[in-house]
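Just so you know, the protein sequences line up as chains A and B, in that order.
Each residue of the first sequence is one higher than the one before, starting from 25 at the first, in this note's numbering.
Each residue of the second sequence is one higher than the one before, starting from 12 at the first, in this note's numbering.
Derived by calculation from the structure, the hints in this document are not laboratory data.
Do not rely on the hints blindly, as some may be mistaken.
To be verified - Anything over 10 Å on all C-beta distances counts as not near chain A; from chain B, calculated:
| hint | residue |
| --- | --- |
| 1 | N104 |
| 2 | S162 |
| 3 | L164 |
| 4 | G178 |
| 5 | S182 |
| 6 | L251 |
| 7 | R252 |
As the list claims (entries may be wrong) - Here are the simulated distance ranges between beta carbons:
| hint | chain 1 | residue 1 | chain 2 | residue 2 | range |
| --- | --- | --- | --- | --- | --- |
| 8 | A | R277 | B | T165 | 48 to 58 Å |
| 9 | B | T238 | A | L244 | 51 to 61 Å |
| 10 | B | A217 | A | E109 | 36 to 46 Å |
| 11 | A | V108 | B | D67 | 23 to 33 Å |
| 12 | A | P198 | B | F134 | 42 to 52 Å |
| 13 | B | G178 | A | L244 | 21 to 31 Å |
We put the beta carbon where it would ideally sit given N, CA and C, even for glycine.
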Amino acid sequence: MRAVLHSKRHRLYRSHRFRAAIAAIALTVMAGGATPASAKPQRIVSMNVCADQLVMLLADRDRIASISFLAADPYASALAGAAVEFRLNYGLSEEILPMNPDLVLASAFTTRSTLFLLRKLGYPVVELPVASSLDDIRSNIRTVAKAIGEEARGEAMIAAFDAELPRQVAPSGPRPLAALYWANGYTSGIGTLANAAVEAAGFRTLGRQLDLVGTSQLPLETLLVSNADVIIIGQRRDGAALANETFRHSALREIFARRPSIEVPDYLWVCATPFIAKAIRQLAEARKALRRSGSTGVERIW
Amino acid sequence: MVSAAASGTGKRAGERAVLATLAVAVVLAFAASLLVGPAAIGLPEMLHAIFSGQADIAALIIREVRLPRAILGLMIGATLGLSGAALQGFLRNPLAEPGLVGVSASASLGAVLTFYTGLSGLFALALPLGGMAGACIGVVIVQSLAGRDSSPLTLILAGIAVTSFAGALTSLTLNLAPNPFAALEIMFWLMGSLADRSFEHVWLSAPFMIAGSLLLATLGRPLDALTLGEDAAHTLGFNLRALRHRLVFGTALCVGAGVAVTGAIGFVGLIVPHILRPVVGHRPSALLPASALGGAVLTLAADVAVRLLSPGRELKLGVLTALVGAPFFLYLVLRLRKQLL
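Modelling step: build the complete structure from the supplied sequences, incorporating the hints.
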């Protein structure tokens, strides 16, 4: 009972502050000024590695109270170096509540019970959907920019992203067939960012050809008979994992000896960030080089 | 609680002492569960937070994060211990545990399906509700498979059949998960955890767990009679078929509701009756309340340990109970072998 009463009071408190914020916006609009800093969230907490990166790119450093620990993982995050300077969280409500955030960014796969608790206690939570296309990247950037009150920076970021994308993806000429092959024998099919990026770079993808939807398993035999012109593989993680055993298979090694392969680090396209433009650009370069030389060996994209 | 009429007064006093000790341990473990967590909150602050009614962050954490977590730990541990003791008594099989009647696996499947279909993202309580729906379907199937027969063997076989089928479907769901994030989320949920549960989870599961516990608590005397054998129990006027129905529905209510909000937490229902049997004796009517208290202590203690062992990045409770439970079970096996030699 006490708890219920308490949470109501808490909400009331927050709504009071909310009203104050609205009043502040109204005042500045009347005065013809820009939105004051006080109306924007000042203690942003992000609980998801993708939201982490967008908020690091869009918000001023002092407005970010905390980002997730995965943001500092060099395999998952393109901003791992900068992330270590922030307070990192593991997505537990007890870490987040003492920061008294005025905005919580999460993903569709953040622990449900934690989000439920945060919402129930009146904290504004914004969930980012998992991006499956380049358009989703633009929409996620807009979502985060709007939530943190930096719409102009968001639009600038989208413009820069669009500018970095290869202008003309040669619709004519040969489009080499690329097989995306990850640890554990997974591939990225239709509706994944990686597939969208590889297609945007002018390749056809094996996932599309086989009508594979989402991240799904690609049997080694299918890969062997596919006649892919190039194999795109993920960056191998340090540390023993059965997952990496796939790459030691002698049949696969044979393929690697005969076909060129391109190694792309996960952090470039695991999240809907503008960094994917870099991957697309370099993949497009690799495609041109491929057509010129027909070489073999691994090319790394960093 | 002390329903045994046949035992001597000295034995009963001993039982009472054990129950009192366990009750004190429950209170201590509950308090520890309120005190331990990533946000450092001392005892005075905690008491202030509970009794002052102020709305600061410490109060928020105690009331909205740790209190529901501790209550759920208490209820789930108690129902696991209770149903474990009841099942071991009914089946007269030391391997019996609450998961045996197929409810844990079918509740897991129901919950996992809400992940898979995206329902869990649409509204917050879809996940526990899905778990409960799964538990209901599971118990109906087990009951109809086990038939009108009162034999323990058919119940065990029906439970195993439902458990393995639901387990297979859960694996299939994982296999077909739309992306690695979804698969990971399902995997983590299946490991069982009390982290960040709220009072809505308590309100949702408590009625079922209380109803189930009441149903199981009445089984002491018939289970006592059953220790003399099925025929003897029958002669003493106990209807074994009715007993089995009450047992299965009581366990299903308790375990189904528990798994639905926390995921599967193993080994508690299996080892707690084993630990307490040498202390309170082999009479089920004495073992039932003791196991309920013991289960609560073990689960609360394990949930505190989870927070202490790896601050920040919490271990999953189900993983820890299995880590502690499996070696203990091995020890039981070794001791049993020594006794047999």
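Here's how the hints hold up against the structure:
1. Chain A leaves N104 of chain B outside its interface by the beta-carbon criterion, the shortest separation being 35 Å against a cut-off of 10 Å.
2. Separation of S162 of chain B from chain A is adequate, the least Cβ-Cβ distance of about 40 Å exceeding the 10 Å criterion.
3. For L164 of chain B, the non-interface assignment is confirmed: its Cβ lies about 39 Å from the closest Cβ of chain A, beyond the 10 Å cut-off.
4. Taking the minimum C-beta to C-beta distance to chain A, about 21 Å, the non-interface status of G178 of chain B holds against the 10 Å cut.
5. The Cβ of S182 of chain B sits about 14 Å from the closest Cβ of chain A, beyond the 10 Å cut-off, so the non-interface label holds.
6. L251 of chain B, annotated as away from the interface, keeps every beta carbon of chain A farther than 10 Å; the closest lies near 40 Å.
7. At roughly 39 Å, the least C-beta separation between R252 of chain B and chain A is larger than 10 Å, which holds for a residue marked as non-interface.
8. At about 54 Å, the CB distance of R277 of chain A to T165 of chain B agrees with the hint of 48 to 58 Å.
9. Take T238 of chain B and L244 of chain A: their Cβ atoms lie about 58 Å apart, and the range 51 to 61 Å holds.
10. Range check, A217 of chain B to E109 of chain A: about 44 Å between beta-carbon atoms, so the 36 to 46 Å window is met.
11. Hint check: V108 of chain A to D67 of chain B, Cβ distance near 31 Å, so the stated range 23 to 33 Å holds.
12. The hinted range of 42 to 52 Å is satisfied by P198 of chain A and F134 of chain B, whose Cβ atoms lie roughly 50 Å apart.
13. The hinted window of 21 to 31 Å between G178 of chain B and L244 of chain A holds, with their beta carbons roughly 28 Å apart.
Against the hints set out earlier in the document, no violation occurs for any number.
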